[in-house]
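Q: Sequence:
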Amino acid sequence: MGYLGEEIMGIGPSYASLIGESRTQPLWDNCLETHYPDASDIEILRKTSEQYMKTILSYEDKDLSRFQTIIDHRIVAWSIATPRPQTSDPGYIAKYGGMWNDDRKQPDHVEQRICVCTGRQIAIVPSAAKPGDVIIRFWNCSAAILMRPCVGNANTQDTSFMLVGRADVAEAVDEDTEHGTVDPRAVKGLSGSLSPKYAARGSQVPGGVYVDLNFQTLQLITSSIAVGAVERK
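Count the sequence shown with the working numbering and you get residues 1 to 233, in order.
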């Protein structure tokens with residue numbers, strides 16, 4: 001089981017331009033301020049951004065390649081309060097296939113981008129990402145999947161989530177999670193507070209979601225994740 005993590009609010013520059021072009025930094029700062037006008041939020045976001053920049057500056061091509069688009073209509077997430085979506089349904093398959101049309105038209109379709117999310121969070125996501133996409137996360141580890149809401153019957157409580165790819169979230173694993181007992185971000189996510197639009201009202205675990213993964217996709221999203229204080233290679 002996973003939980004509803006952050007929802008993308010705004011897409012910033014590509015990783016390459018943010019790292020390699022000084023003129024891109026003001027554009028990224030403006031993106032943060034657009035979505036978080038409150039001064040206290042901006043202070044936290046800038047500290048997060050500065051710390052994250054120190055981390056991603058050391059990323060090599062092999063690291064970035066992990067945060068990739070993954071196309072597989074069979075991978076789905078859904079609220080623990082609702083039935084599993086029928087991913088074999090032709091209408092579902094057609095809807096999943098249609099969401100890739102715009103991405104294939106983009107000239108930089110292979111570049112990862114940085115984004116700002118709910119919960120005063122920052123992440124690197126595949127170029128196919130769009131505002132409104134949700135990052136699904138898991139207890140006490142850094143694995144993060146980018147998924148696109150598929151609203152059923154015009155009701156956000158009946159939403160399932162289609163796979164877009166793997167994400168890298170700036171939030172570091174809390175030191176207390178080393179012993180497997182505390183994961184503050186997961187507690188918030190399971191409560192539904194990180195993506196309240198899709199939280200299952202009336203459920204004991206409003207932000208809890210089931211995630212149906214095959215072995216190949218599981219390998220792609222867990223390569224070199226951090227579990228507690230241990231990194232899996």
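One thing to keep in mind: the hints can contain errors.
[Said to hold, decoys possible] Simulated pairs of lysine to aspartate or glutamate, EDC-like, Cα-Cα distance not exceeding 16 Å:
1) 62 / 111
2) 197 / 7
3) 188 / 212
4) 47 / 72
5) 188 / 72
6) 130 / 38
7) 95 / 111
8) 47 / 33
[Said to hold, decoys possible] Have a look at the derived ranges for each label pair, beta carbon to beta carbon:
9) 97 / 210: 38 to 44 Å
10) 202 / 50: 37 to 43 Å
11) 1 / 224: 19 to 25 Å
12) 95 / 40: 38 to 44 Å
13) 64 / 30: 35 to 41 Å
14) 33 / 226: 28 to 34 Å
15) 218 / 27: 21 to 27 Å
16) 101 / 46: 32 to 38 Å
17) 43 / 210: 35 to 41 Å
18) 204 / 84: 18 to 24 Å
Calculated directly from the structure, the hints in this document are not laboratory data. We put the beta carbon where it would ideally sit given N, CA and C, even for glycine.
Q: Tell me the numbers of any earlier hints that the structure contravenes, in ascending order.
A: 3, 4, 5, 6, 7, 9, 13, 15
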